[in-house]
Amino acid sequence: MKFSRSRVDDEIPTASMADIAFLLIVYFMLTSTFAATRGLDFALPEEQEDTPLVDKEESVLIEIRPGGQLIVDGSPMPLDGVLDYLKPKLERNPAKPVIIRPDPNAEYGYMVAVFDELRQAPEKIGLEVRNVSIPTQREIDMFWY
Amino acid sequence: MRLRSRNIQNQGIPTASMADIAFLLIIFFMLTINFEVDKTQVGLPRTDLRFEIPKRSAYISVTRQGQIRVSAGDEVSVPVPGPGEVLSFAASVVATDPGRAFVLKADRDVPYQYVDRVIDALKQAQAEVIYLLSEQATVEEG
Chain A
1 MKFSRSRVDD
11 EIPTASMADI
21 AFLLIVYFML
31 TSTFAATRGL
41 DFALPEEQED
51 TPLVDKEESV
61 LIEIRPGGQL
71 IVDGSPMPLD
81 GVLDYLKPKL
91 ERNPAKPVII
101 RPDPNAEYGY
111 MVAVFDELRQ
121 APEKIGLEVR
131 NVSIPTQREI
141 DMFWY
Chain B
146 MRLRSRNIQN
156 QGIPTASMAD
166 IAFLLIIFFM
176 LTINFEVDKT
186 QVGLPRTDLR
196 FEIPKRSAYI
206 SVTRQGQIRV
216 SAGDEVSVPV
226 PGPGEVLSFA
236 ASVVATDPGR
246 AFVLKADRDV
256 PYQYVDRVID
266 ALKQAQAEVI
276 YLLSEQATVE
286 EG
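Taken in sequence, the protein lines are chains A and B.
Going by this note's numbering, the residue at position 13 of the first sequence is 13; the numbering climbs one at a time, nothing skipped.
Going by this note's numbering, the residue at position 15 of the second sequence is 160; the numbering climbs one at a time, nothing skipped.
It is worth saying that the hints were derived from the structure and are not from the lab.
Here the structure is a predicted model, which is why all the values come from computation and not from measurement.
C-beta: ideal position from N, C-alpha, C; glycine also.
Hints are not guaranteed to be accurate.
Said to hold, decoys possible - In silico negatives: residues of chain B with every beta carbon more than 10 Å from chain A:
| no. | residue |
| --- | --- |
| 1 | Gln210 |
| 2 | Arg214 |
| 3 | Gly218 |
| 4 | Val221 |
| 5 | Pro224 |
| 6 | Val225 |
| 7 | Gly229 |
| 8 | Asp242 |
| 9 | Gly244 |
Claimed, not checked - Listed below are the simulated SDA-like cross-link pairs for lysine to any residue, each with C-alpha atoms no more than 20 Å apart in a straight line:
| no. | chain 1 | residue 1 | chain 2 | residue 2 |
| --- | --- | --- | --- | --- |
| 10 | A | Lys96 | A | Ser75 |
| 11 | A | Lys89 | A | Arg119 |
| 12 | B | Lys200 | A | Phe42 |
| 13 | B | Lys200 | B | Glu273 |
| 14 | B | Lys200 | A | Asp41 |
| 15 | B | Lys184 | A | Leu30 |
| 16 | B | Lys184 | A | Tyr27 |
| 17 | A | Lys89 | A | Gly126 |
| 18 | B | Lys200 | A | Ala43 |
Claimed, not checked - Simulated restraints, written as ranges between beta carbons of each label pair:
| no. | chain 1 | residue 1 | chain 2 | residue 2 | range |
| --- | --- | --- | --- | --- | --- |
| 19 | A | Leu30 | B | Gln271 | 38 to 46 Å |
| 20 | B | Gly244 | A | Asp10 | 51 to 59 Å |
| 21 | B | Gln210 | A | Glu58 | 32 to 40 Å |
| 22 | B | Asp254 | A | Asp73 | 26 to 34 Å |
| 23 | B | Gly244 | A | Leu30 | 30 to 38 Å |
Construct the complete structure from the given sequences, taking the supplied hints into account.
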């Protein structure tokens, strides 16, 4: 009488491992989003009692109207003319304060565009605009004179 | 006498290393995946200069209609009724981690008054730095 040998496979079955791995890849590819993770940094000043007030006459005031029109020190100006206007002032006083004051109804994108332009001053005119401030309406009501 | 040995060629594609390659890809995705804490759909402003935002930054999003959502960076963003709540949210984040960056994700067409109130709340909460989230400006726009 013959007994059939029953052989037990002693290896771990790995045939489906590639399938599982590729399923995981597909999951990660579908769920990962290419999120925008870059932007312009803007350091906020510390609020202190003894913060020096800037006189309007000592600074350059950039007003932004709805629709994106810029009024620089009372005169209309295109965005690409702002740095040329600032250059001689910065040569005389490298710490010249520049105040950006958007109209409450102006679109936020124009404020960012002006700030972006000022940050590019080292590349465009070879001078840095060190002192940029964007006062909020509360600060204007409290300190503006 | 045999003159020629049979030269049998394996016709299958070798798949032994496929699992290794797949697991390498999985590790890559696991390391690089960025879970988006705020999925609010906004049209971001476009800038030429853009800097990398630190991981685990707190997010504040403002839609074109002025609706605000906040996230401390660890959880999915939640809506808040107004700028007053942004101040309490920002104050709690700063109290926990004074150096944490805030990301302002605002629609480029939102009236500035909404953004102004958020920035004012962040100033009052003594946040140190804000990142104005933006898209890369194209050459034509520049």
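Hints, verified against the model:
1. Gln210: Holds, since 13 Å exceeds 10 Å.
2. Arg214: Arg214 of chain B is indeed farther than 10 Å from all Cβ atoms of chain A, at 15 Å.
3. Gly218: The assertion about Gly218 of chain B holds, with a minimum of 12 Å to chain A.
4. Val221: holds (13 Å)
5. Pro224: Per Cβ check, Pro224 of chain B is outside 10 Å of chain A; nearest 19 Å; holds.
6. Val225: holds (18 Å)
7. Gly229: holds (13 Å)
8. Asp242: The assertion about Asp242 of chain B holds, with a minimum of 15 Å to chain A.
9. Gly244: Nearest chain A Cβ is 12 Å from Gly244 of chain B, so the label holds.
10. A:Lys96 x A:Ser75: holds (18 Å)
11. A:Lys89 x A:Arg119: Holds: Lys89 of chain A and Arg119 of chain A sit about 16 Å apart, inside 20 Å.
12. B:Lys200 x A:Phe42: Given that 20 Å is the threshold and the Cα spacing comes to 17 Å, the pair holds.
13. B:Lys200 x B:Glu273: holds (16 Å)
14. B:Lys200 x A:Asp41: holds (14 Å)
15. B:Lys184 x A:Leu30: holds (15 Å)
16. B:Lys184 x A:Tyr27: holds (19 Å)
17. A:Lys89 x A:Gly126: holds (13 Å)
18. B:Lys200 x A:Ala43: holds (17 Å)
19. A:Leu30 x B:Gln271: 38 to 46 Å: Since Leu30 of chain A and Gln271 of chain B have Cβ atoms about 41 Å apart, the given range 38 to 46 Å holds.
20. B:Gly244 x A:Asp10: 51 to 59 Å: Hint holds: Cβ distance 56 Å, inside 51 to 59 Å.
21. B:Gln210 x A:Glu58: 32 to 40 Å: Holds - the Cβ-Cβ distance for Gln210 of chain B and Glu58 of chain A, about 39 Å, lies within 32 to 40 Å.
22. B:Asp254 x A:Asp73: 26 to 34 Å: holds (27 Å)
23. B:Gly244 x A:Leu30: 30 to 38 Å: holds (34 Å)
This entry satisfies every hint, going by the numbered hints stated previously.
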